[in-house]
Amino acid sequence: MTMFSSRNWREYPHRYRLEATKFTKSGKTYFPKRMVDPVTGDTEQEMVTLPETGKVITYTIIQIAPPQWGDQAPYALAVVELTDGTRLMAQMTDCDTTKVKIGMEVRIEFRKIQAEADHGVISYGYKFVPKWY
Amino acid sequence: MAGIVGYGAHLPRHRIKVEEIAKVWGADAPSYKKGLMLREKSVPPPDMDTITLSVEAAKNALRRSGGVDPKDIGAIYIGSESHPYAVKPSGTTVAEALGATPDIHCADFEFACKAGSEAMFVALSHVDAKAMPYALAIAADTSQGAPSDALEFSAAAGAAAFIMGSKNLIADCLFTHSYMTDMPDFWRREHQFYPQHGGRFTGEEAYFAHTKGATSAILKKAGMKPSDFNYAIFHQPNGKFPQRVALEQGFTQEQIDPGWLAPTLGNTYSGASPVGLSATLDIAKPGDMILMCSYGSGAGSDAFVWKVTDRIDEVRDLAVRTKKLLDENVIYIDYGTYAKYRHKIKKNA
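Chains as they are written, first to last, in the working numbering: chain A, 172 to 304; chain B, 652 to 1000.
Certain hints may be false.
[Said to hold, decoys possible] Calculated from the model, a selection of chain B residues having no Cβ within reach of chain A, i.e. all distances over 12 Å:
1. 668
2. 677
3. 705
4. 706
5. 717
6. 752
7. 797
[Said to hold, decoys possible] Pairs of lysine-lysine residues, derived as DSSO-like cross-links and limited to a Cα-Cα distance of at most 30 Å, are as follows:
8. A:283 x B:872
9. B:958 x A:283
10. B:710 x A:193
11. A:204 x A:283
12. B:974 x A:302
13. B:684 x B:958
14. B:936 x A:283
15. B:891 x A:283
16. B:871 x B:891
17. A:270 x B:975
18. B:891 x B:818
19. B:781 x B:710
20. B:936 x B:863
21. B:872 x B:722
22. B:685 x B:674
23. B:997 x A:302
24. A:272 x B:710
25. B:997 x A:283
26. B:710 x A:270
27. A:302 x B:781
28. A:199 x B:722
29. A:272 x B:863
30. B:975 x A:226
31. A:302 x B:936
32. A:283 x B:863
33. A:302 x B:710
34. A:226 x B:710
35. A:283 x B:871
36. A:204 x B:674
37. B:872 x B:958
38. B:684 x B:710
39. B:684 x B:997
These are computed hints drawn from the structure, not numbers from a lab.
Backbone N, C-alpha and C fix where the C-beta goes; we use that ideal spot for every residue, glycine too.
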């Protein structure tokens, strides 16, 4: 099942531009955005844009992928801690799965995430690539 | 006149060598390498297309722009012959990803390999007309060559982006000249997957006539001669054509070297001379004069005379250099992987 294009459209702010919510009282950043801080109940917030580099905290290798990513298997899914401390999960790309290591430095790149076959809408968003420059 | 406020490129890391393609089709690799003056080409992985290349190139241009707010960009024009959709613009996705929506004008340009310089030309014109403070022009392609065709050895992927403005310039555009005629040298009809070309007819009457026509006209307009330039960049369908057109007009190998990328990059179509300009700006010094001349089949050439400003020294290392993307950390793939990445293998739906 591919993602509905209407859902993807609603998620552009975080999928395209890494927009996150920073709450005033706790100073905590949430990604994707939240209306209410789940710890303090605070609603006072500002929009921040996440940094584009970080380190792999943990990862898993997908050998048998869902159909829309079948041609890309094997690939890694990684939880990355960005330089501001925010953690997020995404697919690793341009990366040999045998080379993925905890602690490796990565950069975020804008990539195709999936498509509704050859005729449907293409969804774009963030992936991690090895940081080599 | 208006000029470049920020520039940047993006290239895939994947490459395929001429030998790898030649062995599948029983072609003689050394003669192709010599004939095309090309050793390998870039290949976009399955999750990369003209839109994703455009976004990354544009981000590099923003990094070198001295803090241009994307909301101040009045237009985003993307020139490509490989827009991911037949109907749905590439420009709006790029604008959304950069945070430049909704008060913006977007258009996707097409003109074979000249679509990128066309976008640059129009973006400069908007700024010159004072219609907007900044206009972003992007030249990007993930071009396809039919299996076993000569084009398969060269059709590559890459992008360059230029934020045009009137203040805080990196390179001032002193002159432009466009030269075009109706030329049936290369085309792709609606619903056809691969383009077709006129073989040897793509040379003298097509590529060389138009690049020379545009170059001699802009030199006359500017009152300049080849030796007045520090660098020159010509469209690069292969390694040989840009070298020949440069030398025949009195430019030297040293003048074209920094932007002569086709021998290891291939033909990035709309991206070709713009990516060459990006690589040339990376090493240019204040005061340097640069001639750029595109070529698009159908056919036409857009020529530009750029004068590099003092700001180049402040901005060149605010984003990755083009040659670094070209030369370092490349991933070589075999023909099977290439065929899969480029959707050349028939599968059940």
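Results of checking the hints against the structure:
Against chain A, the non-interface label of residue 668 of chain B holds: every CB pair exceeds 12 Å, the least being about 19 Å. For residue 677 of chain B, the non-interface assignment is confirmed: its Cβ lies about 27 Å from the closest Cβ of chain A, beyond the 12 Å cut-off. Separation of residue 705 of chain B from chain A is inadequate, the least Cβ-Cβ distance of about 9 Å not exceeding the 12 Å criterion. At roughly 4 Å from the closest C-beta of chain A, the C-beta of residue 706 of chain B falls inside 12 Å, breaking its exclusion from the interface.
Consistency note on residue 717 of chain B: stated as away from chain A, and its beta-carbon is indeed over 12 Å from all of that chain's, at 18 Å minimum. A Cβ of chain A approaches the Cβ of residue 752 of chain B within 12 Å, the least distance being about 9 Å, so the stated non-interface status is violated. Distance check on residue 797 of chain B: its Cβ is at least 18 Å (rounded) from any Cβ of chain A, clearing the 12 Å threshold; non-interface status holds. Between the alpha carbons of residue 283 of chain A and residue 872 of chain B the distance comes to roughly 44 Å, so the proposed pair goes past 30 Å and is violated.
At roughly 37 Å between alpha-carbon atoms, residue 958 of chain B and residue 283 of chain A are farther apart than 30 Å, so this suggested pair is violated. For the proposed pair residue 710 of chain B and residue 193 of chain A, the alpha carbon gap of about 24 Å is at most 30 Å, so the pair holds. Between residue 204 of chain A and residue 283 of chain A, the direct Cα distance comes to roughly 22 Å. Compliance with the 30 Å bound is thereby established for this hinted pair. A hinted pair counts as satisfied when its Cα atoms are at most 30 Å apart, and residue 974 of chain B with residue 302 of chain A qualifies at roughly 17 Å.
For the given pair, residue 684 of chain B sits about 34 Å from residue 958 of chain B by alpha-carbon distance, which is inconsistent with the 30 Å threshold. The suggested pairing of residue 936 of chain B with residue 283 of chain A is violated, with an alpha-carbon distance near 37 Å, which exceeds 30 Å. Of the pairs offered as hints, the one joining residue 891 of chain B and residue 283 of chain A is violated, with about 34 Å between alpha carbons and a cut-off of 30 Å exceeded. Note on residue 871 of chain B and residue 891 of chain B: the hinted pairing holds, with a Cα-Cα distance of about 26 Å set against a maximum of 30 Å.
Proximity of residue 270 of chain A to residue 975 of chain B is assessed by CA-CA distance (about 21 Å); at most 30 Å being required, the pair is judged to hold. Straight-line distance between C-alpha atoms of residue 891 of chain B and residue 818 of chain B comes to about 37 Å, which puts the hinted pair past the 30 Å bound. The hinted pair formed by residue 781 of chain B and residue 710 of chain B meets the criterion: a straight-line CA distance of about 24 Å does not exceed 30 Å. Between residue 936 of chain B and residue 863 of chain B, the direct Cα distance comes to roughly 26 Å. Compliance with the 30 Å bound is thereby established for this hinted pair.
A hinted pair counts as satisfied when its Cα atoms are at most 30 Å apart, and residue 872 of chain B with residue 722 of chain B does not qualify at roughly 36 Å. Under the criterion of a C-alpha separation no larger than 30 Å, the hint pairing residue 685 of chain B with residue 674 of chain B is consistent with the structure, at around 16 Å. Under the criterion of a C-alpha separation no larger than 30 Å, the hint pairing residue 997 of chain B with residue 302 of chain A is inconsistent with the structure, at around 34 Å. At roughly 27 Å between alpha-carbon atoms, residue 272 of chain A and residue 710 of chain B fall within 30 Å of each other, so this suggested pair holds.
Taking the CA atoms of residue 997 of chain B and residue 283 of chain A, the gap is about 21 Å. The hint holds against a cut of 30 Å. Among the hinted pairs, residue 710 of chain B with residue 270 of chain A is consistent with the structure: their alpha-carbon atoms are about 27 Å apart, no more than 30 Å. The straight-line distance between the Cα atoms of residue 302 of chain A and residue 781 of chain B is roughly 40 Å, outside the 30 Å bound, and the hint therefore fails. In summary, the hint linking residue 199 of chain A to residue 722 of chain B is supported, as the alpha carbons are separated by about 27 Å, within the 30 Å threshold.
Between the alpha carbons of residue 272 of chain A and residue 863 of chain B the distance comes to roughly 53 Å, so the proposed pair goes past 30 Å and is violated. For the hint linking residue 975 of chain B to residue 226 of chain A, the alpha-carbon distance of about 22 Å falls within 30 Å, and the restraint holds. Between residue 302 of chain A and residue 936 of chain B, the direct Cα distance comes to roughly 29 Å. Compliance with the 30 Å bound is thereby established for this hinted pair. For the hint pairing residue 283 of chain A with residue 863 of chain B, the CA-to-CA distance comes to about 39 Å; that exceeds 30 Å, so the pair is violated.
A hinted pair counts as satisfied when its Cα atoms are at most 30 Å apart, and residue 302 of chain A with residue 710 of chain B qualifies at roughly 16 Å. Taking the CA atoms of residue 226 of chain A and residue 710 of chain B, the gap is about 21 Å. The hint holds against a cut of 30 Å. Taking the CA atoms of residue 283 of chain A and residue 871 of chain B, the gap is near 45 Å; set against the 30 Å cutoff, the hint is violated. Proposed proximity of residue 204 of chain A and residue 674 of chain B is contradicted: the alpha carbons are some 52 Å apart, above 30 Å.
A distance of roughly 15 Å separates the Cα atoms of residue 872 of chain B and residue 958 of chain B; the hinted pair therefore holds under the 30 Å criterion. For the hint linking residue 684 of chain B to residue 710 of chain B, the alpha-carbon distance of about 34 Å lies beyond 30 Å, and the restraint is violated. A distance of roughly 29 Å separates the Cα atoms of residue 684 of chain B and residue 997 of chain B; the hinted pair therefore holds under the 30 Å criterion.
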